[in-house]
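Novice: Take a look at the letters that make up each chain.
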Amino acid sequence: MAGKSEPIAGEHVAIHPKAGQIQLALVAVALVLAVLAPQFLYPIFLMKLLAFGLFASAFNLLLGYTGLLSFGHAAFFGGAAYFTAHAVKVWGWSPEAGLLLGVLGAAALGLVMGAIAIRRQGIYFAMITLALSQMFFFFCLQARFTHGEDGIQSVPRGHLFGLIDLNDSMNMYYFVLAVFAFGLIVIWRFVNSPFGMILKSIRENEQRAVSLGYSVARYKLAAFVMSAALAGLAGGLKALIFQFATLTDVAWQMSGEVILMTLLGGIGTLAGPIFGAGLVVTLQNYLATSDFPVTIITGVVFMVCVLLFRRGLVGEFFASKLGRRLGFRAQS
Amino acid sequence: MVLSARGLGKDFGGFTAVNDVDLDVEHARIHALIGPNGAGKTTVFNLLTKFLQPTRGRITLLGTDITRTAPDKVARMGLVRSFQISAVFPHLTVRENVKVALQRPNGLATQFWLPLSALDRLNARADDLIERLGLAPYRDHRAADLSYGRKRVLEIATTLALDPEVLLLDEPMAGMGQEDVQMVARIIRDVATERAVLMVEHNLNVVADICDHVTVLQRGEIIAQGDYATVSSDPRVRTAYMGTDA
Ligand SMILES: Nc1ncnc2c1ncn2[C@@H]1O[C@H](COP(=O)(O)OP(=O)(O)OP(=O)(O)O)[C@@H](O)[C@H]1O
Ligand SMILES: [Mg+2]
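For the protein sequence lines, the chains are A and S, in the order given. Here the working numbering is used: position 240 in the first sequence is 240, and no number is missing along the way. Here the working numbering is used: position 44 in the second sequence is 44, and no number is missing along the way.
Please note that a few of the clues may not be correct.
Said to hold, decoys possible - A few chain S residues that don't get close to chain A, going by computed Cβ distances all over 10 Å:
no.: 1; residue: Arg56
no.: 2; residue: Val206
no.: 3; residue: Arg219
no.: 4; residue: Ser233
To be verified - Pairwise CB distance ranges, derived in the manner of DEER restraints:
no.: 5; chain 1: A; residue 1: Val90; chain 2: S; residue 2: Asp127; range: 48 to 54 Å
no.: 6; chain 1: A; residue 1: Leu111; chain 2: S; residue 2: Asp163; range: 42 to 48 Å
no.: 7; chain 1: A; residue 1: Asp168; chain 2: S; residue 2: Asp127; range: 30 to 36 Å
no.: 8; chain 1: A; residue 1: Arg325; chain 2: S; residue 2: Gly13; range: 39 to 45 Å
no.: 9; chain 1: A; residue 1: Met127; chain 2: S; residue 2: Asp128; range: 17 to 23 Å
no.: 10; chain 1: S; residue 1: Pro137; chain 2: A; residue 2: Ala25; range: 32 to 38 Å
no.: 11; chain 1: A; residue 1: Ala178; chain 2: S; residue 2: Arg125; range: 36 to 42 Å
no.: 12; chain 1: A; residue 1: Ile15; chain 2: S; residue 2: Arg125; range: 24 to 30 Å
no.: 13; chain 1: A; residue 1: Ile15; chain 2: S; residue 2: Gly177; range: 44 to 50 Å
no.: 14; chain 1: S; residue 1: Gly177; chain 2: A; residue 2: Gln121; range: 33 to 39 Å
no.: 15; chain 1: A; residue 1: Val306; chain 2: S; residue 2: Pro36; range: 46 to 52 Å
no.: 16; chain 1: A; residue 1: Phe139; chain 2: S; residue 2: Asp127; range: 53 to 59 Å
no.: 17; chain 1: A; residue 1: Ile22; chain 2: S; residue 2: Arg121; range: 28 to 34 Å
Said to hold, decoys possible - Residues of chain A clear of chain S, computed beta-carbon distances all greater than 12 Å:
no.: 18; residue: Ser154
no.: 19; residue: Ala223
no.: 20; residue: Trp252
no.: 21; residue: Asn285
No lab work stands behind these hints: they were computed from the structure. Just so it is clear, CB atoms sit at the ideal spot from N, CA and C, and this is done for glycine as well.
Can you make the complete structure from the sequences, with help from the hints?
Specialist: Now the structure itself:
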């Protein structure tokens with residue numbers, strides 16, 4: 001293996017001296033585009049994109065940065081959608097309070113599911129999360145407040161802080177954009193923090209982390225809960241955007257979809273899941289009007305992408321010479 | 001006595017890898033565990049550090065029974081090990097590797113809201129250790145890019161960063177050049193003045209040189225104990241282990 005002290009071939013591409021500034025500029029451009037986008041595209045489409053982008057980013061916090069493959073994230077996304085929808089519709093809560101309840105509810109679900117699953121490894125972890133989320137699905141199917149097959153319909157968007165009317169689609173768009181940005185900042189901080197450093201070391205060498213005295217399971221559980229909470233934020237947003245919460249959001253297909261988005265874009269990169277979500281949502285939008293079966297097409301696209309770009313679209317870019325020269329680095 | 005085992009045993013299915021091992025590791029002493037390949041040395045380490053649950057026997061660390069304690073807890077109690085197959089965090093730099101070890105005892109492991117720069121105050125302590133172990137020129141290299149011997153040195157550095165009461169080193173000098181062997185031997189002797197060291201070592205010159213006490217293991221059982229002179233003159237040891245070597 002690396003039995004010599006020479007750097008591994010291809011590892012050392014000199015990082016551009018202004019890489020930091022270029023990265024910042026790219027973020028600024030993305031921000032400007034996001035602010036201007038509703039002038040050119042349907043706000044509802046853009047909001048869907050942002051909500052799923054946040055969902056995939058939350059999922060990536062677990063898969064990409066903790067190394068755990070959950071097959072149950074629909075429970076957090078869809079669960080939060082129900083909680084938020086119920087709170088604002090039945091209890092008349094404000095949208096921000098409704099979202100907060102969604103986040104807390106998803107975090108609580110995450111704590112329970114995580115506590116049960118976290119000591120399992122690999123495929124067993126995925127299977128247990130799937131089983132638990134299916135239990136939650138059947139709970140939602142039976143529970144009264146979710147209204148079974150009908151779901152919770154005509155959820156009012158209400159007024160943000162009692163002031164800003166979210167029924168105005170521009171207001172709503174900028175609110176969603178702000179929440180999305182907040183979610184990403186939280187993820188970024190989480191990953192680049194003292195805690196994130198320990199997560200990284202656990203991913204790199206779990207045994208060694210244990211031997212240094214880290215209770216690995218607790219760190220993983222904390223990451224799981226954080227990921228669930230942020231998936232809940234995305235789910236709550238979704239309920240406000242589309243003004244309904246249904247069984248689709250808690251179904252296992254949703255868990256599969258978010259895996260697909262994340263892998264398509266590239267795990268362990270901040271931008272990857274957002275691009276992946278964008279791709280899937282766009283595809284779904286175009287195909288919705290055609291006769292093609294959406295799932296088959298997305299499945300084929302997925303397969304082609306995975307075969308051609310093993311690291312995902314953004315992941316491949318990061319790993320390319322240009323990407324490395326700009327100082328990008330995927331976690332793996 | 002900081003660490004002791006009584007009647008320690010481990011079965012893998014029907015195979016007894018370790019049987020009836022009594023071991024006493026004392027403060028400020030270097031204790032060597034030697035024996036031919038497959039004798040069960042690493043398994044004993046895994047049992048003592050609780051990475052494996054013993055089938056039989058008791059283990060006491062600093063007066064506390066740890067027979068059923070979790071491995072991370074054992075580490076926090078002051079028993080820290082290194083691994084036979086070098087265990088570093090490959091994509092972290094040398095300095096980051098050491099800092100990961102420093103984070104927990106310094107209460108900087110759980111803050112998910114602080115920037116990474118919060119860890120800067122561990123730099124001085126980390127650099128001290130890095131310097132001491134001759135890794136200063138490689139401080140900002142990723143661990144994966146180090147030579148095998150330097151990875152081992154780095155692992156020792158991260159282990160020492162925890163300032164453990166008891167240090168378990170599994171073949172710390174394997175794969176090192178002569179110069180590094182000398183340096184590591186010196187460091188082990190240094191740190192052993194204020195803590196207990198138990199080490200597995202194949203290099204008998206090193207064992208003769210720095211170890212105060214030697215336990216010889218063969219097929220999972222202890223066949224001899226004592227200082228190096230006593231053990232090396234034991235006929236059983238000579239035939240079982242050193243016959244080929246000395
Ligand atoms: N997890 C395991 N499952 C089954 N058998 C094991 C396991 N771990 C170790 N063994 C067996 O136990 C015996 C002792 O192995 P161990 O690794 O402890 O030897 P060792 O003295 O460290 O050898 P070496 O000098 O080669 O490192 C070997 O026969 C090995 O195959
Ligand atoms: Mg061994």
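Novice: Confirm or reject each hint.
Specialist: Evaluated hints:
no., hint, in the structure
1, Arg56, "holds, 23 Å"
2, Val206, "holds, 22 Å"
3, Arg219, "holds, 26 Å"
4, Ser233, "holds, 36 Å"
5, A:Val90 with S:Asp127: 48 to 54 Å, "violated, 59 Å"
6, A:Leu111 with S:Asp163: 42 to 48 Å, "violated, 34 Å"
7, A:Asp168 with S:Asp127: 30 to 36 Å, "violated, 56 Å"
8, A:Arg325 with S:Gly13: 39 to 45 Å, "violated, 53 Å"
9, A:Met127 with S:Asp128: 17 to 23 Å, "violated, 47 Å"
10, S:Pro137 with A:Ala25: 32 to 38 Å, "holds, 35 Å"
11, A:Ala178 with S:Arg125: 36 to 42 Å, "holds, 41 Å"
12, A:Ile15 with S:Arg125: 24 to 30 Å, "holds, 28 Å"
13, A:Ile15 with S:Gly177: 44 to 50 Å, "violated, 32 Å"
14, S:Gly177 with A:Gln121: 33 to 39 Å, "holds, 37 Å"
15, A:Val306 with S:Pro36: 46 to 52 Å, "holds, 48 Å"
16, A:Phe139 with S:Asp127: 53 to 59 Å, "holds, 54 Å"
17, A:Ile22 with S:Arg121: 28 to 34 Å, "holds, 30 Å"
18, Ser154, "holds, 38 Å"
19, Ala223, "violated, 9 Å"
20, Trp252, "holds, 29 Å"
21, Asn285, "holds, 35 Å"
Comparing the model with each earlier hint shows violations of hints 5, 6, 7, 8, 9, 13 and 19; every other hint is respected.
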